[in-house]
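Model the placement of chain B with the ligand on the given structure of chain A, informed by the hints.
Residue strings, one per chain:
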Amino acid sequence: MDFSLSPGAVEFRAEVKAFIADHLTTEVVDQMHATGTFNDKAFNAALADAGLLAGAVPGYGDRDPIELYILFNELEKAGAPYDGLAVTMLVAGVVNAVGTDFHRSRVLGKLLTGRFNCCLGYSEPDHGSDVASITTKAVRDGDEWVITGQKMWTTMAHVSDWVILLTRTNPDVPRHKGLTMFLVPMDTPGIEVQPVPTMATERTNATFYDGVRVGDEWRLGEVDGGWAVMGVALAFERGVMGGTNPTVPLLRHVRDWAGGAASPDGGTMLQDPLLRERLARTAIANQVSQLLTLRAAWIAATGGLPGLEGSMAKLYATGRYQQAVGWFQEMAGAEGLLGFDADGAAADGWIDYDARHAPVTTIYGGTTEINRNNVAERHLGLPRDR
Amino acid sequence: MDLDLTEDQEAIRDVFADFFSSETGPERARDAEPLGFDSRAWDRLMETGAPGMGVGGSRGGGATLADLTVVVEEAGAHIAALPLVDHMVATRLLAKVGVCDDDALVGRTIVGLAIRPAQDGTARTVPTGAVARRVVALDGDALVLVEGDPGAHLENHGCLPLAHRPLAGATVLAEGPDAVAAYRRTLDEWRTLTASTLVGITRRALDLGVGYVKERRQFGRPIGSFQAIQHLLADLPGLLDGARLLTAKAAWAGDRAVAGQAGVADIGDNEITDFAALACMALVSAGEAATTATDRSLHVHGGYGFSEEYDIQLYFRRARALTVVLDDPARECRRLADLLLAGPATSSPPGAGSDRNSVPHGGPEPGGDADHLATGATR
Ligand SMILES: Cc1cc2nc3c(=O)[nH]c(=O)nc-3n(C[C@H](O)[C@H](O)[C@H](O)COP(=O)(O)OP(=O)(O)OC[C@H]3O[C@@H](n4cnc5c(N)ncnc54)[C@H](O)[C@@H]3O)c2cc1C
Numbered sequence: 001m002d003f004s005l006s007p008g009a010v011e012f013r014a015e016v017k018a019f020i021a022d023h024l025t026t027e028v029v030d031q032m033h034a035t036g037t038f039n040d041k042a043f044n045a046a047l048a049d050a051g052l053l054a055g056a057v058p059g060y061g062d063r064d065p066i067e068l069y070i071l072f073n074e075l076e077k078a079g080a081p082y083d084g085l086a087v088t089m090l091v092a093g094v095v096n097a098v099g100t101d102f103h104r105s106r107v108l109g110k111l112l113t114g115r116f117n118c119c120l121g122y123s124e125p126d127h128g129s130d131v132a133s134i135t136t137k138a139v140r141d142g143d144e145w146v147i148t149g150q151k152m153w154t155t156m157a158h159v160s161d162w163v164i165l166l167t168r169t170n171p172d173v174p175r176h177k178g179l180t181m182f183l184v185p186m187d188t189p190g191i192e193v194q195p196v197p198t199m200a201t202e203r204t205n206a207t208f209y210d211g212v213r214v215g216d217e218w219r220l221g222e223v224d225g226g227w228a229v230m231g232v233a234l235a236f237e238r239g240v241m242g243g244t245n246p247t248v249p250l251l252r253h254v255r256d257w258a259g260g261a262a263s264p265d266g267g268t269m270l271q272d273p274l275l276r277e278r279l280a281r282t283a284i285a286n287q288v289s290q291l292l293t294l295r296a297a298w299i300a301a302t303g304g305l306p307g308l309e310g311s312m313a314k315l316y317a318t319g320r321y322q323q324a325v326g327w328f329q330e331m332a333g334a335e336g337l338l339g340f341d342a343d344g345a346a347a348d349g350w351i352d353y354d355a356r357h358a359p360v361t362t363i364y365g366g367t368t369e370i371n372r373n374n375v376a377e378r379h380l381g382l383p384r385d386r
Numbered sequence: 001m002d003l004d005l006t007e008d009q010e011a012i013r014d015v016f017a018d019f020f021s022s023e024t025g026p027e028r029a030r031d032a033e034p035l036g037f038d039s040r041a042w043d044r045l046m047e048t049g050a051p052g053m054g055v056g057g058s059r060g061g062g063a064t065l066a067d068l069t070v071v072v073e074e075a076g077a078h079i080a081a082l083p084l085v086d087h088m089v090a091t092r093l094l095a096k097v098g099v100c101d102d103d104a105l106v107g108r109t110i111v112g113l114a115i116r117p118a119q120d121g122t123a124r125t126v127p128t129g130a131v132a133r134r135v136v137a138l139d140g141d142a143l144v145l146v147e148g149d150p151g152a153h154l155e156n157h158g159c160l161p162l163a164h165r166p167l168a169g170a171t172v173l174a175e176g177p178d179a180v181a182a183y184r185r186t187l188d189e190w191r192t193l194t195a196s197t198l199v200g201i202t203r204r205a206l207d208l209g210v211g212y213v214k215e216r217r218q219f220g221r222p223i224g225s226f227q228a229i230q231h232l233l234a235d236l237p238g239l240l241d242g243a244r245l246l247t248a249k250a251a252w253a254g255d256r257a258v259a260g261q262a263g264v265a266d267i268g269d270n271e272i273t274d275f276a277a278l279a280c281m282a283l284v285s286a287g288e289a290a291t292t293a294t295d296r297s298l299h300v301h302g303g304y305g306f307s308e309e310y311d312i313q314l315y316f317r318r319a320r321a322l323t324v325v326l327d328d329p330a331r332e333c334r335r336l337a338d339l340l341l342a343g344p345a346t347s348s349p350p351g352a353g354s355d356r357n358s359v360p361h362g363g364p365e366p367g368g369d370a371d372h373l374a375t376g377a378t379r
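These protein sequences, in sequence, are chains A and B. Residue numbers are given in my numbering: position 233 of the first sequence equals residue 233, and the series is strictly consecutive. Residue numbers are given in my numbering: position 313 of the second sequence equals residue 313, and the series is strictly consecutive.
Just chain A, same shape as in the assembly (with noise of 0.2 Å):
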């Protein structure tokens, strides 16, 4: 094996963080926080005109596919904006591997540009985990379907231009077999947006769907084949874009901290032989979860499509993430309760925040137990059960 990039991939690497250190201001970091919205236009276009998107679409392009991974890699590594732009680039390669000539002339060039963003549209009030029995319906009239229903979750639809939206097109086959996706323009009449606040600094919306007309040209994949769409999707997004990686700033921001926080038994924080040890586990838990995500890219790379291993990345470190921000806060005290703007918050709030958001990262993208139904059965070839 061997774990050092290529030159290419090393001078890519480079412009990232050349990238990331000219336009991750602190405006931009604020701005997202303040907002709940983890995308910023401004900084997905200059990404794009950079010509650091070229690699981001999964599936897509002759870039060397390792640079999808680094370019997430980095930007999570920063604490950057990249929620909105790597749901984006997700539905771009969806669109890429089953879309038609139109989608891909009238959709994918714009998503390359950055300008433009997609959301989910999966998850619905009554059905998350089991989202095969969704009841969005979408009816066939003539050339164009009639879309009605509720989503719910449909984070980034607010700024977003299309969304991918799974419906049910036969309620008399088995769940799977009656579904559809399609590509949905956000600006058709009938869409209805509305925030949904959580007790992270994110926002997130739900979504209403009210006679909504569109034209067969935006149905994704066949009729009734929406289940195979969101196959692609779900292994697409399992891993290699982002979120295997939050305990990263995490870590840096505690140590930091550490540094210069008076520990209750003098001397330093970063003295406290505790928190050295948890710091250190921390640090390796970091390296597994960054070689799990990096093992999921490169299957991707080598042709593969990493679903299981997407898997396994995302069990790991989200639990780690959970596990490292319980033990950070609880040592950090009444401090390490304290929000960004609060007088004397330990880390500057990153532990607050990190605290909050680490709850949704075993829920959001399939739950930590549907994806050890994954393993169990996919991988470990264990009896369903259900």
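Hints may be right or wrong, so weigh each one.
Simulated restraints, written as ranges between beta carbons of each label pair [as the list claims (entries may be wrong)]:
# : chain 1 : residue 1 : chain 2 : residue 2 : range
1 : A       : Ala-34    : B       : Gly-140   : 56 to 66 Å
2 : B       : Arg-13    : A       : Asp-343   : 51 to 61 Å
3 : B       : Arg-13    : A       : Lys-110   : 46 to 56 Å
4 : A       : Glu-192   : B       : Asp-255   : 53 to 63 Å
So the derived list for chain A, only partly shown, Cβ under 10 Å to chain B, looks like this [said to hold, decoys possible]:
#  : residue
5  : Ser-4
6  : Leu-5
7  : Asp-62
8  : Ile-66
9  : Asn-170
10 : Arg-252
11 : Arg-276
12 : Ala-285
13 : Val-288
14 : Gln-290
15 : Arg-295
16 : Ala-301
17 : Leu-305
18 : Thr-368
19 : His-379
20 : Leu-382
Honestly, the hints are just simulated from the structure, not real lab data. Note that the coordinates shown come from a computational prediction; the quantities given were computed from them, not determined experimentally. All residues carry an ideal CB built from backbone N, CA and C; glycine is no exception.
For chain B with the ligand alone, kept in the frame of chain A given last:
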């Protein structure tokens, strides 16, 4: 970037998977208890050249550390009661200081490594002390070799051939900072290969658990269909693969260090290529994977897991022994913290360590020769 084994390594893996599955395994491990040494398998292993395969130059096998991890993962998976890791790294060290004779090279004389610093002239709980005629140890800042009958076996839960070895009459092989650095490098190789052994143990423990829950029926169905059982096991592949990748990365860094390429240890950017840091990380991570996997696998065996008849207990006991025989993993982590953070716990002034990108331990990475190594060790 290449996360696959090389073709040569795949061949090595296949050869040794065959070897260990026919010459070692749970039955042989039982027969070798309590000492934890299977002399017949060692004789057969000598025929393969494995004991000296890590020694470079014209005499040895010239295998890289990465190659050796492939071999010892198979030994771990087949629970071979053999002092292979210790012998491999000790002979590499002897060769480095120019005293690896043919007996040591081929394995007729087993060479052990004292992995803990000597105390009052004795190397305590040497992992292969009860089977090795020669033991390499660090005594103060002297690298010493003691030769003689193996020590009295200290019976232990993991059935490792542990023994204390007095160092009286030992030959001094080298002294001073170079000697200390060479020894430390060897200990990092030991960490890396022990991690790989633990990866093999983890792998097999997972297989045993999965195999058992598919067969065992309760309430009219296989227990592997119960989600509570599935979820205990579903965390393990990530732990296993993560530990294996980290161990492979440590070996890669170790081989690079020999080639003179220094590593970095920057936790702020999660960029770690320093061998000493990675070796420590690999051991802690593989120890955790192995203890967790054997624990869960044993648990899903129900009462049979606790009985001697089933194999999982053999893996369970060795996983624990290999995880603590060097030190408490928490102390390993604190030692790692000293490598990763500015200054050790007791001596760093507030705000010390602006140079976070470099590793604070002494000198350049130990290379093939020990000439220019520097550390601050004192006797
Ligand atoms: C901040 C945020 C952003 C999100 N963004 C998006 C988005 O952009 N687009 C989108 O479509 N969705 C999004 N989601 C939705 C997310 O994917 C779902 O929340 C998730 O899939 C779980 O569904 P649920 O919330 O309905 O919980 P449920 O499915 O009701 O699950 C509740 C609990 O039951 C467990 N459970 C469910 N089924 C099983 C089972 N078979 N075995 C064992 N345990 C089980 C779950 O693991 C969970 O612990 C987002 C969610 C949040 C919170």
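Which numbered hints fail: 7, 9 and 17
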